[in-house]
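Enquirer: Residue-level listing of the chains:
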Amino acid sequence: MNFKDFELCAHTNSINELLARYGVKFGIYKNNTFHERLFPFDAIPRIIEADEFIQLEKGLKQRVKALNLFIKDIYSDKKIVKDNIVPEDFIFASSGYMPECEGIMPSKGVYSHISGIDLVQGKNKEWYILEDNLRVPSGASYPMIARQLCRKSSPKTFETYHLEDNRDYAKMLRKTLDYVNVEGHTVILTPGRYNSAYFEHSYLAEQTGAHLVTGQDLFVEGDKLYYKNYNGEKERVGAVYRRISDDYLDPMNFVADSVIGVPHLFDVYRKGNVALLNAPGNGVADDKGIYYFVPKMIRYYLEEEPILQNAPTYLPFYEEDRKYVLEHFDDLVLKDVAEAGGYGVVFGNSLTKEEKEKFIKMLKEEPRRFIAQEVIDFLDIDIMEKGEAVPRKADLRAFVLTSDEPVVWKSGLTRFSRNPDSFIVNSSQGGGFKDTWVLSQ
Amino acid sequence: MGIITVEKTDRLFWLGRYTERVYTTARLYAKSYDHMIDVIADDYKNFCSAIDIPDVYGSKEVFLEKYPFDENDMNSLFSNLQRAYDNAIELRYEIGSEALAYIQLCIYDLQKAKESDAPMLEIQSLIDHIMAFWGTADDLIASEQIRDILKTGKRVERIDLYARLAFPAADLKREVNRMKFRIAKSHISYKESVVKNLETLVENEPMDYYGIVREIENIL
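Keeping their order, the protein sequence lines are chains A and B. Numbered according to numbering that gives the first Met the number 0, the first sequence spans residues 0 to 440. Numbered according to numbering that gives the first Met the number 0, the second sequence spans residues 0 to 219.
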């Protein structure tokens, strides 16, 4: 399909103006100053055929099911460790592992309610999982609002192509929130307007009808969580879709000087009197080091072969892998497991001799800190630049929402690099986004 | 809508106030701008005095350039609009994306005006977008309470400005009357005695404008 087939592309500028009108921005700190930036939208969609999506959907559900079972296991019996499938070094040394979560069973036994799974498509058309985001994955709001504005700009395009409607994300999310709500209001807990994803927090609140709150609006009394209204009356809160990381959630249990959390929130959660989405402690399963073991988890918990493949990954922690990494350093991409957002990613061939030596020294000293991956030959997708289609690297963040069963949103956030020589697609690194179309027939 | 926190109530009230402040002062600036073309070259001095801001400009040219756009001048149109935006951005859930979009458009209007060689045309767009904001708020905000808090802010600010600008008694009487009914419906806590005092003050002749400003600033 040629981009010129899309009448929609002629309206790219107008759609971007509409996105600006609705404040579709993300925040970024540069030189200690907060800046709001527009998230550039490219109107050429990523298109996923119906058959291809069915396969993708099966693989994503399978993966998220296994990840949920893994988290449950880690904070209870630890069978997977006892059976030597995952070495304990990768659990207890992980910054995402929270001993405070030991023995806690969240409402309805769901840990990762909203999972953001990053994938890339190789030139062989095979999809590869790049990483799992099980803490506070963001990005669904962008294709949601973009679709709305695209339909406004070019109704003809949507008459011509038969695709799944992605505007049901808010309904799916609300169902997920309500499923685990123990009793009372559902709220979205934001760190505030200076958070990079504040647009998303406020937009999802508006679209789901959940109250948007900050930590100061909530308080704990008698092992229950409440919201204080303008009359000073308290109203019970039963589910918190928190967009705050674990560490800052509760100053009485975690980082003591957090001013964005709610004192004793974790105690209420521990007693089963509120649902937290996603559950604290999920970081143990989306650590870049644990990623290597997800196919093993699928085999272990589900007794199935993984439908979706990981990018070929090596763990310098294992001597054999370390040897391979050192021998093929220039062909690999190395990732610091503690970093996110496109930071801490190094292409072996991009380093100078001195940088390489320094990096290898670090790798040998702290092998647990890094993973190495083969550089996947991405299938480039077209973006419009000065009226012409040019190929760029892009990934896909798929969203899997879990209530009684995992459900895959029939869309996703496609992020692309605007720099022709870059593989980094993150918005914080100057990337843009596209709508993701899933064809219905 | 159900519950509104104390903080959100405060933001709604101040969104109403700042939006009204930008609207009325932008219109006054437009009038003053026109006056300075061929009637009174330094009419800006009257403008500053009327809205009770210090004349830090020194000349008509500096005033025309700085008053609307200066980020560092806390009295500029820009600063007041920024304060409206700072409140609005935290109220998407309460006021909705459509109403919020008009405040965002006002920001763009002022940015365009700053770059334009005909800034008054863009400032007219800003005034239009504020009108559209209020129309959208009326039409699309389902919660009566939220509309009432927003409009209470608007009415309070209007009385404050009209008194500072020595508007005719009939205008002030009308505004006090509108505010009285609105604030009673808003469920925010306020001083009923201030409303009574205002009702008395607008009946007096000559009008005690300073008294009205003093009272209205003390209403919450």
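Take these hints with a grain of salt, some might be off.
Heads up, simulated DSS-like pairs for lysine-lysine below, C-alpha to C-alpha not over 30 Å straight-line [unchecked claim]:
1) 44(B) <-> 113(B)
2) 113(B) <-> 227(A)
3) 78(A) <-> 57(A)
4) 385(A) <-> 363(A)
5) 65(B) <-> 29(A)
6) 71(A) <-> 270(A)
7) 113(B) <-> 233(A)
8) 227(A) <-> 71(A)
9) 29(A) <-> 113(B)
10) 190(B) <-> 227(A)
11) 227(A) <-> 179(B)
12) 44(B) <-> 233(A)
If you're looking for bench data, these hints aren't it; they were derived computationally from the structure.
Enquirer: None of the hints should be skipped; say for each whether it holds.
Expert: Comparing the hints with the structure gives:
no.	hint	result
1	44(B) <-> 113(B)	holds, 22 Å
2	113(B) <-> 227(A)	violated, 42 Å
3	78(A) <-> 57(A)	holds, 25 Å
4	385(A) <-> 363(A)	violated, 46 Å
5	65(B) <-> 29(A)	holds, 27 Å
6	71(A) <-> 270(A)	holds, 17 Å
7	113(B) <-> 233(A)	violated, 47 Å
8	227(A) <-> 71(A)	violated, 33 Å
9	29(A) <-> 113(B)	holds, 25 Å
10	190(B) <-> 227(A)	holds, 23 Å
11	227(A) <-> 179(B)	holds, 27 Å
12	44(B) <-> 233(A)	violated, 51 Å
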